[in-house]
Amino acid sequence: MEFLKNWLPDNSEQYPEVLALLSKPENDLWQYSAKILSFIDQEVELFSTVLSKNGQLEDLDKFKLLDECLANINGETYKIERLLVNRIHMQLMLRASEQGTPEQILTDNYIQFEENVRQLQGEQSNHNSISISLIAWIKYYIELYAVALKNQCSDEIMGTIDQFLTRDELPLSPTLKLFIIKQICELSNIKFDKLREKFSNRTVVWLRAILEKPQDQQTNQAQHNLILPTPLLVCEDEFKRISDILAYDKDIEHLRQLITNCTTNQTSSYCFLVWFIHYYSHFYTTNNALIDEKWIQLFTHELNQHICKCFDVIGSKLLISLCKNFSINSYFRLQPNMDTKEVHQRLVVLNIAVYLLSCKSLNHITYVGSLLFDDNRQMPNNYTERLQSSICLPGLLSSDIAITKMLYVRTQVKERLDRNEIVPDAKFVYKCSDACPYMFHFEGCGRPLELSKCPMCKTDIGATSYNKPIIRIPPQIQMPIE
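So in full-length UniProt numbering, spot 177 of the sequence shown is number 177, and the numbers just go up one at a time.
Have a look at the derived ranges for each label pair, beta carbon to beta carbon:
hint, residue 1, residue 2, range
1, THR340, ASN288, 14 to 22 Å
2, GLU58, ILE227, 50 to 58 Å
3, THR166, ALA20, 38 to 46 Å
4, PHE179, LYS309, 55 to 63 Å
5, LYS53, PRO16, 18 to 26 Å
6, LYS182, LEU226, 17 to 25 Å
7, THR286, ARG167, 33 to 41 Å
8, GLN345, LYS240, 22 to 30 Å
9, ASP237, ASP168, 40 to 48 Å
10, ASN288, ASN363, 42 to 50 Å
11, HIS344, THR166, 30 to 38 Å
12, GLU302, THR366, 25 to 33 Å
Everything labelled a hint here was simulated from the structure, so no lab data went into it.
Values in this document were obtained by computation on a predicted structure and should not be read as measured data.
Beta carbons are placed, not taken as given, at the ideal position from N, Cα and C, and that holds for glycine.
Given only the sequences and the hints, what does the whole structure look like? Please build it.
See below:
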């Protein structure tokens, strides 16, 4: 701070030493680069020249010391040049309102813009100051063009600039277009994939040529945007190994050996299944993708027994469905017009499903594996019954009938007590029996009234008539509320 307050303001003519120090990566002066460059520019007057001469430097001797300094300190990153360009560009933008509206500035300076672009394209001198001034001013001009595009300006100058960019006659043109697109996205607070919607009905020829890609390029874009479930970390090498086998080697004996290994190795099992999720994704990323009947033939005939042993019947059905893009009416069938988000949702669900399937390869059942398999790692006969009676799902409402009914009785009885709806001699709840935990209560005043069946043990519960509880063995249990 002492350096900024005292030494630099009084010694700005020694700026080459300061720039040399600033260019070194091992110091923290870059944090103060804006302040430092501000003092230096007061000595060099580069910004004021760019502002008044629209990027042109006529008296190069004035910047001879700066050019020599930059030639000596520039490394691969051109750090100081970039800092100077960014500072001048920012200062030009801050002063833009003093020069007029964006449309007016674009109109008044278009000829200079073309000249500067062509000069920068052919710049081969050793004067770094020329490149700095030209780049900073061109960035300023085309950012104002981006502002005008965002504001839907329809002035004649917009068509003129559009024609210049559409001709694409200079190697620098793609860089200019990329910067304009970046600035439009930044100014509009949108991502590139939303830019197509914003400019779909605009007559900006050069931009439409970029946004309206051929179909195969759109497919590549979909592939780029689609994030597939991929085993990483400890599974990465195994996934690569299995991918190579499945992609390039369909020898039946090799495949049998691979599936046999999956039977006792969860990592291999999971990687094997995920590869077929990748295969399934090509029905979205590839236009008019065809079904490979070879895989379906293998899974339904030659490899069927091995697949069922490793992944059970449910796994066999899933693999076949992945290979043929499921049935027409299935939620998981991929369509080319789907939004990427919709595809991601299906991939997440399938990724969870194949992980559950891979749990069969463990030598013991886990809590996660119990969602699909019983204690013997086999498919249960009735999944609905298993989910209701045999599985604990932490964080979710219990599916146990006894617990659900107990919570319901507690809530209902408390509400009725608060409203004084239960008579004093009927403040009881009932349990089916010592052998059955099912809980119930009677509506109305609370006295026993109706006869029904216990949904758990199917025994009669309730009352034979008003206020006469049923008598049976084992007896239903009456428990006081208070």
